[in-house]
Amino acid sequence: MQTGYMLRLLETDERIDGRKMNEFREVKVETNVAETAEGSARVKIGKTDVIVGIKMGMGVPFSDMPNMGVLKTGAEFTPIADPDFESGPPGENATELARIVDRGIRESDSIDLEKLCLKEREKVWEIFVDIHIINNDGNLIDASALAAIAAMKTAKIPKIEDDKIIRDKLEKKLPILHVPVTVTIGKVAGKFIFDPNKEEEEVLDAKLSVAVMEDGKVCAMQKQGTHGLTEEDLDEMIDLAVKKSKELRKFL
Amino acid sequence: MGMKTEEKLIVNGKRLDGRKPNEFRDIEMKVGVIPNANGSAQVRFGKTVAIAGVYGPRALFPKHRQKADTAIIQCRYNMAPFSVDDRAYPGPSRRSVEISKVTRLALEPALFLEDYPETVVDVYIEILQADGSTRVTGINAASLALADAGVPMRDLVVAVSGGKIDDTIILDMCGKEDNYSEADVPLAFMPRKKIITLLQMDGQLTPKELKSIIKEQLKTGEKIYEKQKEALNKKYKE
Amino acid sequence: MMEEVRDIVIPGEVLGDAKEKRAGYGTFIEDGKIVSKFLGIQKDSNGFMSVIPLSGVYIPRREDKVIGFVTDVEKAGWLVDINSPWQAFLPLSEGVDEFIDFKRTDISKFYDVGDVIYAQVGDTKRGDVQLTMRTPIARKLKGGVTIKITPSKVPRLIGKEGSMINTVKEKTGTIIRVGQNGVVWVSGEKIEKAIKAIKMIDEKAHIIGLTDEITKLLSD
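Protein chains in written order, with our numbering: chain H, 1 to 252; chain V, 253 to 490; chain G, 491 to 710.
Hints are not guaranteed to be accurate.
Stated by the list, open to error - Mimicking DSS-like on lysine-lysine, the simulated pairs with C-alpha atoms at most 27 angstroms apart in a straight line are:
no., chain 1, residue 1, chain 2, residue 2
1, G, Lys593, V, Lys489
2, G, Lys650, H, Lys198
3, V, Lys282, G, Lys638
4, G, Lys523, V, Lys446
5, V, Lys282, V, Lys460
6, G, Lys686, H, Lys47
Stated by the list, open to error - Some residues of chain V that are not near chain H, with every Cβ distance over 10 angstroms (derived):
no., residue
7, Lys299
8, Arg346
9, Asp383
Unchecked claim - Per the computed footprint, the stretches of chain G lying under chain V, defined by three or more beta-carbons under 8 angstroms from a beta-carbon of chain V, are:
no., segment
10, 554-564
11, 594-601
12, 621-627
13, 698-704
Calculated from the structure, these hints are not laboratory results.
A virtual CB, placed ideally from N, CA and C, is assigned to each residue, including glycine.
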């Protein structure tokens, strides 16, 4: 029933919530929302509400990157956020989301991981980026990616004394080199819509999320959805995403 | 809990953060924070923050779990990985499983579950920031979320933690106090008739001390009830 | 600016004495006192003290008119989602006038998955909700759009003798069917404006002066 109505509106470039095709819902970014975390942010895009917390611990480096800190990104689709989310270990959607956000951060060399080495080959800082969904009204990717970056930009590294982490003494800021911003565009009825909400996500043919660096380079992409995209679609969507990323960047 | 320290934790009748022994931390309550849920609330006591969401009464599957003459209530208490000092591995721990159970039993007597046979009321509590007394903060939030969801209730449920340090009875312990307290007594009750629905205790107390803590919790807990009432009214008075 | 609100009561709040008034909907009696079960609006009328909840799911009652969505075609009837914790069933005999040999007929030709129907609630036995289309107003609703509001606010949406809903219909040139179960079906010209008005009524049902605000919204 709703699908028919939504598609009819799209014929005249209208969306059910009155937005323009390339318009994002209202974006709100709040940092330092979890004082127990070394860095945190809560991002609301419309009614979508996501909190990301950054925690730092000491660990062993990867053997092929012996002098670099380790980034670990996780996501929890807590059942509090959506009647269809079930409790239990992360399903395919939560796992995919975490990996998409992770790639945006990792491939852009966002964090200067070399500065997080404590003892080459033996001890490095581990950065845990934990995504916690509070309310799902669609476009969890952009909200989570934005919250992750906002949290990272305000995160601080705890002091180490006698090989122990002293968490109430936060010293330097987490070294950030690049700031990726992710923009998701959906394709439906031959048209492109930005920031699809939950109802719109259910009728999309396909979705493309693009992570863009501050210099306009693309560092990560993910296509989702059951239908295909043409090369022309991709060319256009990539350009649209890069352009829109500048607007989202202003919230950081 | 029960850690020893040279530091005096109560000086001139004042606690570490300047509070009186039976004084609560700064309290903030907001109802209706999760649009997808039937009811929700976010509650803060000092630096402890809990958010609760209620879904239901709704259909329960598999069918064999349905009860012919009543709804059932399910409860999940969960801590966000970043809510504690040392990052918590996501997923349930033995501690959160137990807290989920006692929370369910703290809320159940307050609900008219018999009005909704064969269904389920799902209560989810997420701890976003932990600084002591997380389970009672979660229960205070869940109580608001249930009222917000329109689940019929006999009364709201009020929860408060109690303990003893330096021979003084204290309420609403923060994380540090919890570590040094000689006992931890989380308590939840329905205020109108002071019916206690959650009571746990660990530590070492004489029966007299224990009874005084409970008495103090039931008396001063009224203040939390007033805050809950205020929060529910505020949602409709903007 | 604070809008004037009718008296809000919370669950567990004592409303009055059971000796002076009778306990109406949304209340219970304890120790001779009438107590509220819900977060809602207190209503005193005809010697009854009741509470209208401000939120809550739909509990089906006999003769309620509801709007449902067909979710499954079974052998001798259809499963219908009526926006309630309990699923409803429309038996073949209540959905179709003629005699149908269901063993030989594919009954999805009458109602199929996804169809929206305006029906009436029949028997409700503990979670078993029966629907019937054997009443003049019952019909399939084609086209249009559906939105959900809080079921307890349906009377406010309809208004005294239909005054509120008729205003919305006239000013937006739409056909609107309101289900007691909180599902509203809108079809016609200015659907968006009608939906805006319906959502506002859902949000502000407890505010005094809502009628004026709606009139203003619809006149713009």
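How the hints compare with the structure:
1. Lys593(G) to Lys489(V): It is violated: about 58 angstroms lies between the C-alpha atoms, which goes past 27 angstroms.
2. Lys650(G) to Lys198(H): 36 angstroms, violated
3. Lys282(V) to Lys638(G): Holds: Lys282(V) and Lys638(G) sit about 24 angstroms apart, inside 27 angstroms.
4. Lys523(G) to Lys446(V): 16 angstroms, holds
5. Lys282(V) to Lys460(V): 37 angstroms, violated
6. Lys686(G) to Lys47(H): It holds: about 17 angstroms lies between the C-alpha atoms, which stays within 27 angstroms.
7. Lys299: 6 angstroms, violated
8. Arg346: About 16 angstroms separates Arg346(V) from the closest Cβ of chain H, which puts it past 10 angstroms; holds.
9. Asp383: 7 angstroms, violated
10. 554-564: Coverage by chain V is violated here, the residue count being 0 at a Cβ distance below 8 angstroms.
11. 594-601: violated (count 0)
12. 621-627: Violated - the segment 621-627 of chain G has 0 residues with a Cβ nearer than 8 angstroms to chain V, which falls short of three.
13. 698-704: Our answer is that it is violated, as 0 residues pass the Cβ test (under 8 angstroms) against chain V, missing three.
The structure fails to meet hints 1, 2, 5, 7, 9, 10, 11, 12, 13 from the earlier list, while all remaining hints are met.
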